[in-house]
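Chain residues, written in single-letter form:
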Amino acid sequence: MSSLTIRDLRKSYGNVEVLTDINLEAESGEFVALVGPSGCGKSTLLSIIAGLESVTSGEVRIEDRVVNNDAPKDRDIAMVFQSYALYPTMTVRENMTFGMECRNVPRAEQKETVEKVADLLQIGPLLNRKPSQLSGGQRQRVAMGRALVRDPKLFLFDEPLSNLDAKLRIEMRSEIKKLHQRVGKTTVYVTHDQVEAMTLASRIAVMYKGVLQQYDTPKEIYERPRNKFVAGFMGSPTMNFLDAKVVAHGDGLGLTVDGGDGAVMPVTSEKSAGLTQGQPVVFGVRPEHFNPVHAHRGDPIATLKVLVDMVEPTGSETILMSRVAGQNVVASVEPDDAPNEGETVELAINMGKICLFDPATELRL
Amino acid sequence: MQSPPDVRHPPKATRRWADMVPQLVLAPTLIAALVWVIGFSLWTLWISVSQSTLLPDMAYQGFEHYAKLWGSKRWTVAYQNLFIFGSLYVVGTLIVGTLLAVLIDQRVRFEGIWRTIYLYPLAISFIVTGTVWRWIFHPNTGVELALKDMGWVAARFDWITDRDLALYVVVITGIWHASGFAMALILAGLRSVDGDLVKAAQIDGASMPRIYRRVVLPTIWPIFVAVAVVLLQFAIKTYDLVVALTQGGPGVSTTVPAIVVYDLMFQRGQIAQGAAAAVMILVALALVLIPYAVWTGWQKRKEGTRHG
Amino acid sequence: MADATTHQEFDPLATGGMRRRLVSKAIVYGALGLFALVYLTPLLIISLNTLRPLEDIVRTGFIALPEAETMTLRYWGEAWGSFCIGGTCEGVSRFYKNSLMMTIPATVLSTLFGLLNGYVLSKWRFRYDGLVFGLITLGVFMPQQMTLLPWAFVLGKLGLSNTIGGLVFVHTVQGISFTTLFCRNYFVSIPDDLIKAARIDGAGFWRIFRRIILPLSPPIVIVTVIWQFTGIWNEFLFGTVFTSGANQPITSAIVAFSGSGTGERHYNVEAAAVIMAAIPPLLIYVVGGKYFVRGLTQGAVK
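Chains as they are written, first to last, in the numbering used here: chain A, 1 to 365; chain B, 1 to 308; chain C, 1 to 302.
Just so you know, the hints here were simulated from the structure itself, not pulled from any lab data. Every residue, glycine too, gets a C-beta built ideally from N, C-alpha and C. Just so you know, not all the hints are guaranteed correct.
In silico lysine to aspartate or glutamate, EDC-like type, Cα no more than 20 Å apart, as pairs [unchecked claim]:
no., chain 1, residue 1, chain 2, residue 2
1, A, Lys73, C, Asp193
2, C, Lys290, B, Asp105
3, A, Lys130, C, Glu78
4, C, Lys157, B, Asp105
Computed spacing ranges between beta-carbons, pair by pair [as the list claims (entries may be wrong)]:
no., chain 1, residue 1, chain 2, residue 2, range
5, B, Glu111, A, Ala166, 53 to 61 Å
6, B, Arg214, C, Ile279, 39 to 47 Å
7, C, Lys25, B, Val91, 46 to 54 Å
8, C, Arg20, B, Glu111, 18 to 26 Å
Sequences and hints are given; from them, build the entire structure.
As C-alpha cells, this is what we get:
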C-alpha cells in the first residue's frame, strides 16, 4: 500500500502557478528526496503535504485517507525544519513533549517516549538544556528527536542539513540514513543538494519551475535522466552538453561535434534507436566519463580532441577545463593521468554512458 | 477502504470557526481603528465646514471657517511660530544630539550614566519641563533674580516676557527635552557603522573629527532624516510645553496652532473654526509624513532591486 | 625596568601622543560634564526649592541653595495632602490617584491588545492584513486635535464624560496603535517555522500564543509598558479637555494651580508637586532605561 499519494496537484498564489500537475507516490518505508534549485516549488510541496499550505486542486493522500482539508495536527506527520524551529523558551525535554501535551498524552507515557527517543539519538544528557545551549549538531539531533517522539506515519524533512558546516553535514547525513534504516518510516526529504538526494533517497523527485521533471531511483536519474535539466542538475561537475549532428558511421551511426574537425564518434546500437542521419542533437557526457586515451580501459570508445585551458587538481580527482570547437568541455580524470595546461589531448569517451537530447524539446532521445 | 470524500466539499463548520479566530481577535481593534482614525477624521473635517459654533451643528456651511481662520492674526502668527520654532528646534536638537552621540562614542567610561543623564528629560512630561524652565527663565524667580542677588543689579534676562524673544525660550526648552532622544538614535546609528570603515580612514591618515565629518556621519544620514521627521511631528503637535512655559504669551508671541485649536474649540465656542485649525494641523503632518513615507518606500524598493 | 622608563620618557613621539591623548580625553570628559550639568541642573534646582521657605524663594528666586536651618520637608506634605487647589484643600494626592487609576488600566489593556494584534498580524497572515496593519498604525500619527470633538461626543454618549474611565478608554484606543506596531514588529523576528512546528505538534491559535509567543515576549512587554505608562502619565490635553475639577489627572492639576497667575504663589509647594508628578515616569525610566531606549528606536524608526 502506498503511504503517500499525490495526485494532479496544483498550487497557485493568485495568478502565479507554483506547482503544476504533480503526481507522486511513496511506498511504505520509502525515502523520497525532493530536489531542485531554489524556487522550484519543492518546499511548497512539502508544506502542502504537511498541511501548512492549502491545495488549489488535486489531492494529497496519506495511506488511504485524503488529507487535503485536514489540519497539520490531524495528518499524523512529523517535520524537521531547516532552522530546526526548536521552541527557544522550552527545554529539550519540553520541546519533545509539547506535541504529546497538545494531544493529552498521559505524563508517564510522555516521559517513557522521550527517554526511548533520547536513548536512540544519544541526547539523554541534553534533555534539561535550552536550545540556545546546544551546538548545531545537537540542535539537529533534538529536532529529529522531536519528530521521532510523534511516531508518525510520515516524516518530513525540510533541508535539515543546510545550516551545518560541511563536515558535520556529512556526519549527520549518514546518521539520518542509519536512523531511517532503523525506524523504517516513510520519509519525504527536501534538499537542494543533489549529493544528499543521491546518498539518502530510495527515489528522487527532481523538480524545476513547479513541474516534476522525473521521479525515479537515484541510479535511473543519474544514468537515464529524462531531460537536459535533470541531467544537468544531478551530478557535479555538471554534465557537458555539446551541439552535435548524427552522421553515418560504418553500419551504424556516429556523431560529429558542430564546428569540429569532423571526427566521428560511433554511437552504440542501443543508443542509436530512433536517430536519423543529419539530425541535430545535444550530446551529453558526464565529466567522469572522459579519460585521456592512454589511460582508458574498457570499450566501446570514441575520442574527442580538446584544448586544455585550465587544470584544477582537487586531490582525489583533477578537473580539466577545455574546449572543442568553441564549446566548453569539463572532464574529471585521475590526477596521475592529467595533461598540462595548453596541451591538446585526445579524450576517450565511454559511449555506453552518454546521453543524447533533442535540442528543441530537451528530452532525452 | 472507504471512498475518499470529495475535496471540493467545504470542510466541517467547526474548522471554519477555528480558522476565523485570528480575524475575530483583531476585530475590536480594527473597528476601533476604523472609527477612530477614519471616522473621527471625517467627522472633524465635516464640522470644519458645518455651521457649528458653541455646539456641533451638522448643517453645511462651506469653507468660510478656513477663510476666517487664515484671516485671523492669531492663527497666522501661530503658523509662523510653528515654522520658526519647528526649524530651530529640529536643527538645534539634531546638532546637540549629534554632539552628544559623538562624545559618548569615544569609548568613554560610565557610558550608561551619561546616556541616562542626557535622555531623562524625555521621560518627564512637557508640563513638568515647561513649569521648571518657566521658573528658571522668569525674571521674578530665575536667572535674572539670582544675578541681581549676587550683586549685579543691572542684570537682565527676561526673554520669557519679551515678545520678540519668548519663542526662543520655547526652542531652548524643546531642545533640552528632545536632544537626548536624538542622541540615543544617532548613537545607535554610529554603533552600526562598520568598524573597518573607520580603520580604513585612519590608514588614509584622517583625523578623528574628519573621520566623523566625512565618513561616519554621512553613512548614517538616513537616521538623521528619520529623527528629523519624528522631531517635526513633535513640533507640529507641540501644545503642553508652550502651555506650561508661556501659555502662548506674552500676547500671542508664542502661540502655536495646537493652542489656537484648543482656544477656538473650548474657550471661544467656535467649534467649526477650531476644527478647521485641527485639519490644518493634520495637513501639516501629512506634508511631512507623506513625502517621508514615499521616500522610505522608494528606498526600500531600491534596496530590493539591488539585492535581488 | 629603569631602562624601559627612560626609553619611554625620551621617545618624543610617544610622549607627544600621550599628551595629545590626554588633551582630547580632557575635552571629551569636560564637554560631557558640562552637558550633564545643563541637563541635571533644572530638576536639581527645583528639587532643592521644595525644601526652602517661601520668603527665601521670593527673595532670591529658585537659583540658590537651601539654608540648613530653614530646610524642611513640610512642603512635600502640604503639596501631597493639604494644599488648596481650586477651592478644595486636598493637595495633589487626589489627582495623583486619578493619574494612577487612568494610567495603569490603560497601560495593561493597550499592552494586552497590542500583544494579541501583533501576534495575529505577524503570524496569521490573511487577505488584506497589510492594509489592516497600515490602518491601525495610522493611529500613531493622528494629531489629538482631530479627535477632540468626536471623543467628547462619544464619551458623552457612553456616559463617560468627566470620568477616569473615559480617559482609560481614550488612552487604550489611542495606545493600541503604538503597542500593535511595537509587538508586530517584534514578533515578525520570531521565525515562522516555530509556528509551523507548533501547528504540526497540534497546538492551536491560543496554545501557540500562550506557550510559544508569550514566553518570548518579555522584552517587548517591558518596552510597551514603559512607553505606555510614561506616555499616558505625562499626557495633558485629553486630561484637560475630557475631565474637570476633582477628576483631572496630575498634569492638568499642575497647570491649573501653577499656571494661574492670580493670588499668592507657593513656589515651594508647587515645586514639590511638580517633582512628585515627575517621579513615576522617572523611576520607570531609571529602572528600565535600556528598554526605554529600545522602545524609542523601534517606535521612531519604525
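Hint check results:
{"no.": "1", "hint": "Lys73(A) x Asp193(C)", "verdict": "holds (15 Å)"}
{"no.": "2", "hint": "Lys290(C) x Asp105(B)", "verdict": "holds (17 Å)"}
{"no.": "3", "hint": "Lys130(A) x Glu78(C)", "verdict": "violated (54 Å)"}
{"no.": "4", "hint": "Lys157(C) x Asp105(B)", "verdict": "violated (54 Å)"}
{"no.": "5", "hint": "Glu111(B) x Ala166(A): 53 to 61 Å", "verdict": "violated (41 Å)"}
{"no.": "6", "hint": "Arg214(B) x Ile279(C): 39 to 47 Å", "verdict": "holds (45 Å)"}
{"no.": "7", "hint": "Lys25(C) x Val91(B): 46 to 54 Å", "verdict": "violated (29 Å)"}
{"no.": "8", "hint": "Arg20(C) x Glu111(B): 18 to 26 Å", "verdict": "holds (22 Å)"}
Violated hints, in rising order: 3, 4, 5 and 7; the structure is consistent with all others.
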